[in-house]
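Based on the provided sequences and hints, a complete structural model is requested.
Protein chains: 2
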Amino acid sequence: MGRELYLYNTLTRSKELFEPVEPPYVGMYVCGPTVYSDSHLGHARPAITYDILYRYLMHLGYKVRYVRNITDVGHLENEADDSGEDRITKKARQENIEPMEVVQRYMNSFHRSMDLLNTLQPSIEPRATGHIVEQQEMISTIIEEGFAYEENGSVYFDVEKYNRSYPYGILSGRVLDEMKANSRVLEGQDEKHSPFDFALWKKASQAHIMKWSSPWSNGFPGWHLECSVMSTKYLGDVFDIHGGGMDLIFPHHECEIAQSTAANGKPSVRYWVHNNMITINGQKMARSLGNFITLDQLFSGNHPLLERAYSPMTIRFFILQAQYRGTVDFSNEALLSASLGLQKLMTAVKTLNSLKGSERSSIDISAIKEKCYEAMSDDLNTPVVLAHLFDGVRMINLVNDGRETLSEADLDDLKELFRTFVFDILGLKEEESSGNDLLSGVVEMVLNMRQEAKARKDWATSDRIRDELLKLGVNVKDRKDGFDWEIKH
Amino acid sequence: MGRELYLYNTLTRSKELFEPVEPPYVGMYVCGPTVYSDSHLGHARPAITYDILYRYLMHLGYKVRYVRNITDVGHLENEADDSGEDRITKKARQENIEPMEVVQRYMNSFHRSMDLLNTLQPSIEPRATGHIVEQQEMISTIIEEGFAYEENGSVYFDVEKYNRSYPYGILSGRVLDEMKANSRVLEGQDEKHSPFDFALWKKASQAHIMKWSSPWSNGFPGWHLECSVMSTKYLGDVFDIHGGGMDLIFPHHECEIAQSTAANGKPSVRYWVHNNMITINGQKMARSLGNFITLDQLFSGNHPLLERAYSPMTIRFFILQAQYRGTVDFSNEALLSASLGLQKLMTAVKTLNSLKGSERSSIDISAIKEKCYEAMSDDLNTPVVLAHLFDGVRMINLVNDGRETLSEADLDDLKELFRTFVFDILGLKEEESSGNDLLSGVVEMVLNMRQEAKARKDWATSDRIRDELLKLGVNVKDRKDGFDWEIKH
Numbered sequence: 001m002g003r004e005l006y007l008y009n010t011l012t013r014s015k016e017l018f019e020p021v022e023p024p025y026v027g028m029y030v031c032g033p034t035v036y037s038d039s040h041l042g043h044a045r046p047a048i049t050y051d052i053l054y055r056y057l058m059h060l061g062y063k064v065r066y067v068r069n070i071t072d073v074g075h076l077e078n079e080a081d082d083s084g085e086d087r088i089t090k091k092a093r094q095e096n097i098e099p100m101e102v103v104q105r106y107m108n109s110f111h112r113s114m115d116l117l118n119t120l121q122p123s124i125e126p127r128a129t130g131h132i133v134e135q136q137e138m139i140s141t142i143i144e145e146g147f148a149y150e151e152n153g154s155v156y157f158d159v160e161k162y163n164r165s166y167p168y169g170i171l172s173g174r175v176l177d178e179m180k181a182n183s184r185v186l187e188g189q190d191e192k193h194s195p196f197d198f199a200l201w202k203k204a205s206q207a208h209i210m211k212w213s214s215p216w217s218n219g220f221p222g223w224h225l226e227c228s229v230m231s232t233k234y235l236g237d238v239f240d241i242h243g244g245g246m247d248l249i250f251p252h253h254e255c256e257i258a259q260s261t262a263a264n265g266k267p268s269v270r271y272w273v274h275n276n277m278i279t280i281n282g283q284k285m286a287r288s289l290g291n292f293i294t295l296d297q298l299f300s301g302n303h304p305l306l307e308r309a310y311s312p313m314t315i316r317f318f319i320l321q322a323q324y325r326g327t328v329d330f331s332n333e334a335l336l337s338a339s340l341g342l343q344k345l346m347t348a349v350k351t352l353n354s355l356k357g358s359e360r361s362s363i364d365i366s367a368i369k370e371k372c373y374e375a376m377s378d379d380l381n382t383p384v385v386l387a388h389l390f391d392g393v394r395m396i397n398l399v400n401d402g403r404e405t406l407s408e409a410d411l412d413d414l415k416e417l418f419r420t421f422v423f424d425i426l427g428l429k430e431e432e433s434s435g436n437d438l439l440s441g442v443v444e445m446v447l448n449m450r451q452e453a454k455a456r457k458d459w460a461t462s463d464r465i466r467d468e469l470l471k472l473g474v475n476v477k478d479r480k481d482g483f484d485w486e487i488k489h
Numbered sequence: 001m002g003r004e005l006y007l008y009n010t011l012t013r014s015k016e017l018f019e020p021v022e023p024p025y026v027g028m029y030v031c032g033p034t035v036y037s038d039s040h041l042g043h044a045r046p047a048i049t050y051d052i053l054y055r056y057l058m059h060l061g062y063k064v065r066y067v068r069n070i071t072d073v074g075h076l077e078n079e080a081d082d083s084g085e086d087r088i089t090k091k092a093r094q095e096n097i098e099p100m101e102v103v104q105r106y107m108n109s110f111h112r113s114m115d116l117l118n119t120l121q122p123s124i125e126p127r128a129t130g131h132i133v134e135q136q137e138m139i140s141t142i143i144e145e146g147f148a149y150e151e152n153g154s155v156y157f158d159v160e161k162y163n164r165s166y167p168y169g170i171l172s173g174r175v176l177d178e179m180k181a182n183s184r185v186l187e188g189q190d191e192k193h194s195p196f197d198f199a200l201w202k203k204a205s206q207a208h209i210m211k212w213s214s215p216w217s218n219g220f221p222g223w224h225l226e227c228s229v230m231s232t233k234y235l236g237d238v239f240d241i242h243g244g245g246m247d248l249i250f251p252h253h254e255c256e257i258a259q260s261t262a263a264n265g266k267p268s269v270r271y272w273v274h275n276n277m278i279t280i281n282g283q284k285m286a287r288s289l290g291n292f293i294t295l296d297q298l299f300s301g302n303h304p305l306l307e308r309a310y311s312p313m314t315i316r317f318f319i320l321q322a323q324y325r326g327t328v329d330f331s332n333e334a335l336l337s338a339s340l341g342l343q344k345l346m347t348a349v350k351t352l353n354s355l356k357g358s359e360r361s362s363i364d365i366s367a368i369k370e371k372c373y374e375a376m377s378d379d380l381n382t383p384v385v386l387a388h389l390f391d392g393v394r395m396i397n398l399v400n401d402g403r404e405t406l407s408e409a410d411l412d413d414l415k416e417l418f419r420t421f422v423f424d425i426l427g428l429k430e431e432e433s434s435g436n437d438l439l440s441g442v443v444e445m446v447l448n449m450r451q452e453a454k455a456r457k458d459w460a461t462s463d464r465i466r467d468e469l470l471k472l473g474v475n476v477k478d479r480k481d482g483f484d485w486e487i488k489h
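Going line by line, the protein sequences match chains A and B.
Just so it is clear: in the first sequence, position 448 is 448 by the numbering used here, and no numbers are missing.
Just so it is clear: in the second sequence, position 156 is 156 by the numbering used here, and no numbers are missing.
Simulated from the structure, these hints should not be mistaken for lab results.
Any given hint could be a false lead.
Which copy? The list can't say, so a pair holds if one copy fits it or any two copies do.
Quick list of in silico lysine to any residue cross-link-like pairs, SDA-like style, CA-CA up to 20 Å [claimed, not checked]:
| # | residue 1 | residue 2 |
| --- | --- | --- |
| 1 | K161 | S140 |
| 2 | K211 | G236 |
| 3 | K211 | K233 |
| 4 | K371 | D424 |
| 5 | K161 | E416 |
| 6 | K63 | T420 |
Structure representation (structure tokens):
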């Protein structure tokens with residue numbers, strides 16, 4: 001923890017120095033997916049954003065407990081419409097299976113996609129259905145504290161009453177009186193005392209499949225409740241970081257703050273971090289617009305909008321090219337360019353590992369490392385980190401071409417820098433299989449033997465090695481001072 | 001479902017024709033792991049056994065809902081000792097983390113191993129902590145039915161009372177009166193009315209971390225309860241198949257039957273299927289015997305008892321070489337032989353795909369398919385299936401050698417047969433990645449250069465190649481007529 005980290009806190013609308021409650025421990029909670037359909041582009045951005053934050057915190061020496069939930073209770077598609085089917089039940093009916101099978105299938109699919117994107121697994125992945133008892137306990141506490149009421153077997157959070165004791169709207173900047181002034185609501189049509197109240201527990205209709213017994217009714221918890229419950233259960237009443245997409249600021253996170261504060265008398269989250277959304281060719285992604293792209297479709301290229309397949313690391317690199325609070329627009333041109341950028345970076349890493357040190361350095365690499373840390377510590381400014389790394393790439397190529405030199409010590413520093421930032425912090429990886437290190441080793445060994453053959457003018461051996469490698473699918477290109485090689489695809 | 005399937009039912013001690021309650025649907029519940037340490041050999045056998053049953057049922061046309069639980073509540077290491085720590089809590093204390101982090105880590109590790117063994121993911125993987133409400137409901141029902149009593153915040157199942165209404169011991173063949181006659185128990189030392197009673201709910205000590213509120217106490221469910229609850233929740237009051245290891249017959253499955261019968265007035269399982277255990281070099285596997293081998297150790301060869309690494313498919317093939325109710329003894333010799341057998345089978349599959357059809361067949365392959373189905377339908381007799389497939393291998397090799405012929409139609413049938421049994425039903429797969437073929441090619445090329453160096457008595461080059469390969473992790477062993485090589489793990 002020698003280095004400082006500044007994070008933009010949505011709560012204060014400013015970049016703040018990150019100081020955990022109890023260093024070196026850090027508690028981080030991130031809103032995970034509702035598992036009722038395949039993972040899509042919208043899941044990739046928060047997953048990668050908080051993966052980077054997790055990796056960087058660990059790199060800085062913090063011991064991080066990273067909790068990301070799985071929403072496996074089907075919440076109503078339209079909260080205003082009590083009779084509506086929930087998403088998971090609807091999917092279950094469409095596929096003619098049990099809701100928990102829907103949950104399992106798409107949870108597995110989410111995990112596969114996350115592995116492919118090289119995101120680290122969270123320390124704990126709690127499921128909403130795994131915390132029904134705890135959710136009921138929090139409801140009871142909120143009722144006892146006077147901030148919720150029961151109506152016909154359902155329990156609602158009393159926003160107006162809460163707003164008289166605590167500031168409702170502190171995260172989103174919404175003011176309840178203004179919200180009321182701007183809304184036209186027909187009275188008496190709802191169990192809720194006010195249209196801004198929200199459900200903590202919903203009585204289930206006969207047709208509703210996912211339901212549990214409770215002191216109020218056979219029913220199910222409200223959407224916002226699980227995060228208040230599971231974050232504090234695993235991270236304590238007050239914890240460091242809560243992450244999620246900007247679209248969750250209101251109502252989800254606002255309601256989380258209200259619930260936790262109503263139950264514990266104080267807010268639980270110190271730094272609220274929100275990633276921006278993605279667009280596709282400038283448009284919001286939506287099933288109705290025909291531009292809804294799942295991650296599997298991206299990886300396979302199997303979608304009318306995609307000109308080709310884009311590998312998981314290309315997607316990761318592409319997302320890192322923007323700071324997490326900026327927008328990201330997906331297009332074939334942008335993804336192709338990301339793919340080329342990634343390739344250039346990875347080729348440079350390989351070149352770097354084959355460079356030989358000189359007696360002295362003709363260029364100064366010492367500034368790159370500090371600049372990379374500065375950018376990371378400035379609210380995870382990954383595009384700036386990449387820009388500095390590409391300065392390094394330029395230097396690597398100049399040294400490789402013999403136009404500049406680096407000392408052994410500088411070379412070691414540069415290798416360490418790339419290892420740290422490219423692999424550990426940005427979480428990029430080689431996309432070829434693991435047998436490849438050994439393969440590279442053996443190929444380099446053969447090619448060194450070929451260099452020696454050339455040195456002693458044994459052209460027969462030299463040519464034969466080149467030809468045999470070619471037959472095996474390895475292309476050798478001679479350079480003035482050595483060789484390059486690549487596997488033909 | 002044109003074909004019949006006979007399964008050995010532990011309940012009736014006989015092979016029975018399998019007839020589901022509601023064809024074409026089949027409900028199958030299998031006891032999964034307690035996730036507090038790395039997956040080991042003992043997990044591989046049931047996973048593969050029920051994977052084969054799942055695959056075969058689907059192949060026969062059934063629509064199977066396969067439920068396998070995750071035990072993520074820490075149960076006491078010694079049920080008799082109420083003060084004892086549970087396994088998950090103990091591990092959490094040892095690793096200085098929260099119990100749910102222990103659960104997450106080892107659940108992830110289990111899933112990775114299961115993927116490597118090519119077992120299909122179950123339809124639903126319910127977790128014990130995800131069904132606390134339902135477990136409390138079943139306890140209430142059992143109390144209402146008069147088969148459980150509360151004592152000091154804990155609830156116990158009343159085995160004697162149950163035994164007066166229903167036959168306790170029907171699965172294991174144990175008779176309560178005999179059990180009582182053979183045991184010496186000091187009275188008055190326990191909350192239980194009888195030593196054969198078992199906990200449905202345990203009041204938690206202050207130190208116990210994983211606990212939930214309940215009508216009886218802050219506590220946790222008894223070990224046997226989750227399976228009664230989760231099996232019937234997802235498969236209905238009466239369902240088709242319940243699987244697990246033979247070591248679970250008593251007390252776990254016996255207690256499951258008692259709980260479900262006490263709650264619903266009838267037993268819930270129609271076919272009880274049990275796989276036999278594994279031994280290592282003739283001994284039971286136990287941490288205390290130093291022969292406890294995790295799956296990761298098997299796959300990497302990183303254990304004093306292992307002479308080399310064994311691939312996941314070698315393990316799978318090895319387990320399939322025994323019928324699931326027979327014992328399996330792991331040894332280096334047996335695994336090596338399995339590895340060679342698998343290789344022979346897979347090579348034959350490749351050869352088969354390259355064979356050309358003749359005008360007529362000189363051998364009769366028509367019987368193999370029927371025999372394979374007969375063996376599978378005879379209580380999943382996989383070793384007999386493999387024997388018949390190796391008859392096919394022999395024929396493939398004879399045809400390849402030009403000593404026999406097969407017509408185009410017979411060839412197609414044989415290909416279909418191998419595809420169906422080797423890949424779909426037995427769930428084997430090719431393990432080499434394409435990178436490995438290239439690696440082999442380059443290593444062989446270098447070693448051929450070494451042979452030439454030796455031929456011209458250029459010992460320096462010969463030694464150098466051997467030494468450099470060794471440094472890269474490739475072990476070369478000279479033979480009289482050539483060389484062997486292997487990758488060190």
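Here is how each hint holds up against the structure:
1. In this assembly of identical chains, K161 and S140 lie within 20 Å of each other by CA distance solely inside one copy; the values are 17 Å within and 37 Å between copies.
2. In this assembly of identical chains, K211 and G236 lie within 20 Å of each other by CA distance solely across copies; the values are 16 Å between and 28 Å within a copy.
3. Taking identical chains as interchangeable, the C-alpha atoms of K211 and K233 lie at most 20 Å apart only when they sit on different chains, with a minimum of 12 Å there against 22 Å within one chain.
4. With identical chains, the CA atoms of K371 and D424 are at most 20 Å apart within one copy only, with a shortest distance of 17 Å there and 54 Å across copies.
5. Neither within a single protomer nor between protomers do K161 and E416 lie at most 20 Å apart by alpha-carbon distance, with minima of 56 Å and 70 Å respectively.
6. Within a single copy, K63 and T420 get their C-alpha atoms as close as 18 Å, which meets the 20 Å cut-off; across copies the closest is 49 Å, which misses it.
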